[in-house]
Amino acid sequence: MSTPPPLVGGPYLKQSPSVTAIMGLVMVALAPATLYGFYQFGWPAINLFVVTVASAWLCEAGVLKLTRQPLLPAVGDGSALLTGWLLAMTLPPWAPWWVGVMGSFFAIVLAKQVFGGLGQNLFNPAMVARVILLISFPVQMTYFVAPLPLGDLGAPGFLDGLAITFGFGVSGVDAVSSASILGHIKTELGQGVSWSTAFREAFEMRGMIFGTVPGSLGETSAPLLILGGMLLLGMRIITWHIPLAMMGTIAIMAGLFNVIDPLHYPDAWVHLLSGATVLGAFFIATDLVTSPSSPLGKIVFGVGCGALAYIIRTWGGYPEGIAFAVLIMNAATPLIDRYIKPRVYGRTTNGKPLEYGGGEK
Amino acid sequence: MGMMKLFRIRGGVHPQGRKSLSADQPIRDVPLPDLLHVPLQQHAGQPAEAVVKKGDLVLKGQVIAVGQGRISAPVHAPTSGTVVGLGRYTAPHPSGLPGRTITIRPDGKDAWADLPSPMDPFECEPGVIAKRVAESGIVGMGGAAFPSAVKLDLGRRFDLHTLIINGAECEPYLTCDDRLMREHPDEIVDGVRIMAHALGVERIVIAVEGNKPLAIRALAHASKDVSTIMIQEVPARYPMGSEKHLTQTLIGKETPARGLTAEIGVVVHNVATAMAVRDAVRFGRPLISRVVTVSGEGISNPGNFRTPIGTPVRHLIDHAGGLRGEPARLLLGGPMMGQPLADMKAPIVKGTNGILALADLPPTVAQNPCIRCASCVDACPCGLVPLEMSAAIRKEDMARATHLGLMDCIGCGSCAYVCPSSIPLVQYFNYAKGKITKQQRAEHKQMETKRLAEARTERMERVQREKREAMAQRKAAQTRTKPERSETQQDQDGEEVSA
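Residue numbers (this note's numbering), protein chains in the order written: chain A, 1 to 361; chain B, 1001 to 1499.
Pulled out of the complex, with its shape left as it was, chain B reads as follows:
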């Protein structure tokens, strides 16, 4: 265990962990459902583009959609079977609106495709590892689902000194990372070393909140012969898992606003991502399943399940003993930053770390006006003044909200968690962020239109001018044949003026 000097972060809250519901449940496999619905957009960035068609037979691990552009990720078949649909299907999003999805009927054989050959990561160039990670469709598995290869390639752009592995798992209820660390510490340590090699850094800190002593012990044991790895306990304090705040806790430096942790020499990856990287590099296996915590007071047998991507939520919940009565709210992810789930048809995706069925909900509308108690100011880990931001947003004064730092808000919900008036502050901020993005898009469009219109006017004028000049030249050529000097002079002057 590490003995680093830790640095205090501002604000934060101490929610009840409620992790005991599922923390002692070993990871179990989920049997294949009748149909797998694999969305093309499971990551931040551009959606993938399907490369199979209806009726195709696919093998486990075969590429079924390729990434588009720099920030994207390919999608692989989670098992062998037949592509039975290529269309739109309920997305795991609060709206429940459909998104582009490939539907596969498993054939039950679970037959692997020809996988890329295993690599010895320490024998190859760092860029090769990032390439393999990109081809394997790996994205950040802590929830943000940012393509991991992009973050593994940062060593080329920045001077990096530390790789931080995020095992904080600060969201209440969630235990999937805890279980992975307890059950697969050797694999995680191997994956972490591969990542460090890809990044070209010598120093690795695996940070775990103090409420997971067994995970800390397991990792410490697994890494005892690796001098570059330090297992560091961090205080259990939400939002410790926010990468910028975790970095500050360990390094003592704040990431510049709107910037990357790489600017201060640090790259942060999640523990589950480290495990996926190992599978991809050592065995050529793409990311086709993940561990999901199914928990909450509304679940009969909470637990942690290795779930194929595309498994409908309902199938997974049934596997956890089903619902215990009507839940007050179904969530994707943790209770602090998770998203409400509109429909149990929606599939599990690469970024789904938890499915929660909550038995009761806090009030969704303000119970009292703001009494300016400033609890939100004290709780904000970003140094914002939520009470003033929400007042500005109530008046639709987005300029003021932006001036107050709305875009520096990480949406962690600490403010709303402590608000005695139960004002849905995060709801206000999400609304305003959406509105501002829309506004910016409209402005951008307007500016583009203006630019194009101006370019066109200019082009037309140039064409006209060129025509006039050509005519004048022709005229000049004609007049040159005439004897009068003075007239030629005049014409030349005229030409000069027009030019």
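Excised from the complex, chain A in its bound form:
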């Protein structure tokens, strides 16, 4: 043997997707909902997506360069692209380019690299960016448009798209500015209108299911997001614990309050199908780095995300609460991991060896 490889303990057989493959699979799972978002919101959405993803990647490379770390494998692992992608999904589709660029900066530099890069961040980078943007630029971050599908009469063409995203010249498109479902219901409830009246005035259930409603770029199509989530479950990238616990908690809380006071509390379907619930449950809260590692810990985490999201949506100042809920539970993840661990083989949950009594003569 000329140059034997270093003596490292086994196993000498291995079978698992690489980190890059995992990131790639998540992107594949996101693709249907993303493409549908492009179709719904047209060229401005495509521009914003490209700008956000590209700037996320450039931020990653920039920080590595600045801190004199090797560019490879970090820039090739796909994690920055995925962060940018997820962030773009949560932005208003006609937001200006600089919203995407600043968001990527916050996500990659502040939320990820400052903590030490891949695997080290405490908070979900895309959600950190979204929350900073929402607080700093409330106008741009709540400017939603009614869908104008690509190719429709009145939909922005390629040049109009550039004008909307980058602000060159004036686009000839009259966008119908509109509130998101949750935003609309919150406003109307504040004015004493019952949620169902408010809901029926503005939207159709069918539209909400299929995503033909105003909303963030990639959040509106629940079926396509669920399809992607199923793919992740099937490929064992994520487990069922967080999505089920989170959506189950939202459904139970919404159902409960809807039964108590049907006029003021929207029913479970509105909460499950609107806003970032589905995207959050399958793609955001399940972020491997920032969620707990044990099955029971994941359930606790999911329940926490669901409950906080419902509380913020219902009684908080913002109509949407997924991002805040996920960030708060991210902060609790180290605590959850410390106290909730799988039971060790042959030991009680307290860590004492099992005792059966008898046995020895």
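Check the hints yourself; a few may be wrong.
Claimed, not checked - Simulated DEER-style distance windows between Cβ atoms: (1) His-264(A) with Gln-1016(B): 55 to 61 Å; (2) Gly-1322(B) with Pro-223(A): 57 to 63 Å; (3) Glu-355(A) with Val-1226(B): 33 to 39 Å; (4) Lys-1109(B) with Lys-352(A): 55 to 61 Å.
In short, the hints are calculated from the structure, not lab data.
Because the structure is a prediction, the values reported are computed rather than measured.
Beta carbons are placed, not taken as given, at the ideal position from N, Cα and C, and that holds for glycine.
Assemble chain B onto chain A, guided by the hints.
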């Protein structure tokens, strides 16, 4: 075939079996090599002590080294010939460092020594069987090489109800147990009954993974008239062959941490061990050869070979058609828990179940940082959190690693098998276990030193005190002759104080 209710074990992985390379190759004998290198340490416990010297003529099956202490095993001559060396020779260990070895030049006659007389096992006391097994140098042949007699004697200490025979053979590539079960089912069933008699148990389960249907069929046929034996198919899932996990699958109970399966009434032995026990009891033949799987993409003609103990690996590989180019890694044992082989000079020992030449290797250094995906948590059959353990070990925080359950890790490698970042988790754990053992040894030594030092100080003080007392008594005896009462009183007081 059995119809037991099976219990699910936590975690585990499904590696590709790759057993078809050698599974259809019948067991063949290996011709004797020019020299046999028989190590004195082939088992867990104390090494054996040589009882032959250079130049001695030995016969096949003759004792050449005797066991030392309670956990040990004797070593026998694998064939007849001359002892040409008694020294140190490359051990079958990743380090390739030499260990004490007896080297024999076979004379080609293969002449047997006078063997212990055959026994009718069902006519004798259980203890007699264990004694014969001990004298025959039999150790666990599944790989751990724990002296079998110790495990056959557990019936005296524990209330046992079941003997489990481990035919799981869950490691990829390995087929030696599969072939034994297919070719010698009657002998195995006989050996298993002898073991059950030694242990005093009425219930026997022979567990075989579902990927060996021919072995299951052969055993079922061989045991059809034995009501105490049940042949049970178990799911092909690594690490099913771990005795504690196999026991849990069959019995539904976990073995207490750091304890023995005997504490829950179960003793587990390997199929090849059962066969060796039969040879020892029925024919007086000691353990001097074993079946070894030679396989891997780097071997020209993979197969299963009955190999005399002490045969150099190179001789065995040559017999399997030689290497097919330069292998990426030579292994002793399976690819999941096997050890890298440093040198092909090293001999086959009692615990060697396979020699593998792998054509390619997974990455040996981490390809990415840990992304906390928790695949390792889901894969761990012991309920540990490998990602946190490895993080603690990276910081040399052995106390935390121990607190997280490092010592409950069985080293099966399921975690590293599924890690998307290719972090060499087992390497971390082995490093830490070694470090902790060393630390404990140092602490023990320190405590012993302290104890001895204190004992010495105490002894010295006592000697001094005794001297003082003797002096005081002499003085008192002298003063008693004096008339003054008061002075005597004083002296007595003084004595009391010093006492």
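Do the hints match the structure? See the list:
no., hint, in the structure
1, His-264(A) with Gln-1016(B): 55 to 61 Å, "holds, 58 Å"
2, Gly-1322(B) with Pro-223(A): 57 to 63 Å, "holds, 59 Å"
3, Glu-355(A) with Val-1226(B): 33 to 39 Å, "holds, 34 Å"
4, Lys-1109(B) with Lys-352(A): 55 to 61 Å, "holds, 59 Å"
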